[in-house]
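Participant: For reference, the chains in residue letters:
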Amino acid sequence: MQLRVRAIETILTEKGYIDPAALDLIIEAFETRIGPHNGARVVARAWTDPAFRHRLIDDASTAVAELGVVGRVGDHLVAVENTPKRHNMIVCTLCSCYPWEVLGLPPVWYKSAPYRSRAVSDPRGVLADFGITLAPDTEIRVWDSTAETRFMVLPMRPAGTEGWSEERLAGLVTRDCMIGTGLPKRPEEVA
Amino acid sequence: MNGVHDMGGMHGFGKVEPEPNEPVFHAAWEGRVLAMQRAIAYTGAWSIDLSRAAQESLPAQVYLGVSYYKRWALGLEQNLLGKGLIGADELAAGHSLHPGKPVDRIMTAADIGAALTRGKFGRSPTATARYTIGESVRAKNIHPLTHTRLPRYVRGHVGVVERIQGCHVFPDSVAIDAGENPQWLYTVVFDGRDLWGEASDSTVKVSVEAFEPYLEPA
Chain A
4 MQLRVRAIET ILTEKGYIDP AALDLIIEAF ETRIGPHNGA RVVARAWTDP
54 AFRHRLIDDA STAVAELGVV GRVGDHLVAV ENTPKRHNMI VCTLCSCYPW
104 EVLGLPPVWY KSAPYRSRAV SDPRGVLADF GITLAPDTEI RVWDSTAETR
154 FMVLPMRPAG TEGWSEERLA GLVTRDCMIG TGLPKRPEEV A
Chain B
2 MNGVHDMGGM HGFGKVEPEP NEPVFHAAWE GRVLAMQRAI AYTGAWSIDL
52 SRAAQESLPA QVYLGVSYYK RWALGLEQNL LGKGLIGADE LAAGHSLHPG
102 KPVDRIMTAA DIGAALTRGK FGRSPTATAR YTIGESVRAK NIHPLTHTRL
152 PRYVRGHVGV VERIQGCHVF PDSVAIDAGE NPQWLYTVVF DGRDLWGEAS
202 DSTVKVSVEA FEPYLEPA
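Sequences listed follow chains A and B, in order. One rule links them: number in this note's numbering = place in the first sequence (from 1) + 3. One rule links them: number in this note's numbering = place in the second sequence (from 1) + 1.
Incorrect hints may appear among the rest.
Stated by the list, open to error - Estimated spans, in silico, between C-beta atoms of each pair:
# : chain 1 : residue 1 : chain 2 : residue 2 : range
1 : A       : P87       : B       : P24       : 49 to 59 Å
2 : B       : G114      : A       : T86       : 51 to 61 Å
3 : A       : R171      : B       : E199      : 44 to 54 Å
4 : A       : R171      : B       : Q62       : 41 to 51 Å
5 : A       : K188      : B       : P145      : 37 to 47 Å
6 : A       : G134      : B       : V67       : 47 to 57 Å
None of these hints come from the bench; they were simulated from the model. Even for Gly, the Cβ is constructed at its ideal location relative to N, Cα and C.
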């Protein structure tokens, strides 16, 4: 595959459609700057600043942009909030739509047939694959990203984190808990 | 089209297997494919919908049998050929053999900020939204042969409009080069048992983002 891809790049470069230096910078951005640490900052801010949380739920694109930790944010970002009664989970059954700006590039499992096929019909089974068991009466709300709207989950703040700084809280926020296939780390897991 | 890409509710793919400490890319060429896709999109040669349509039109066994980035690479090749940006002879030779076609713009290092920002898909509405929040709607029983974003598992089922997401570019039109044809976009939520039967998990609710032409009054 490497040779085939190199051939395409050579042709596109020789024809003047692309600049390989720009390609290098795109790759570097996704390998270093754009990742779930961005989303973790957003979640930690929402946990410590109720007014920000409201703005995030109301219009995540604007709220995240104003926070300024994530570079540029596109339109149509939607944050959905977990509560004791409702757990949210994000999927794209048709391809692999994912909130790149706040979570980076999606992991292989998110793009895989097992996840895309079962997240909508058997979300509890999928959660079990991740070692997560929710209370039997918790509503599970699955968001299928079938358009250009992009979703991120705002998980519940773990108990025992009263008085924690935003930075310390961000250390509890995993990528998977912002997709809905995980829960934030408990304080004792990072002690 | 009713392709294998439309996977919601299918059986037989097995467990979800997360990879511990997964790298961003598993091989250097994967990053090149992603970046080329971005850079070509920047030229205005085609939209994201055409990229999706190209991957969906791969033979089913190919779609299922190759990795995510290989699928991207195959879709990229197909669209480059289809739009006449490169020739099959060039692909075989591994070099340019003819002058390039004019494109709107070329992405340089200075454009990276813009290149990494998602496109805007919202458009000014030309009509008022037909449905309101809380209204019951049925996903139409349609089976277009071309690109659509209405998954099979909701077709024919009744759900409730939960959010109105604005008026957006309509992928079904864009993918066949029929223009943006903006349409109202709704979050429509379905009860899991309506989709998967009475024996299924009663705590599950599933929403899709549905364009107005996908819906009819229930």
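Participant: Hint by hint, work out which the structure violates, then give me just those numbers in ascending order.
Facilitator: 1, 2 and 6
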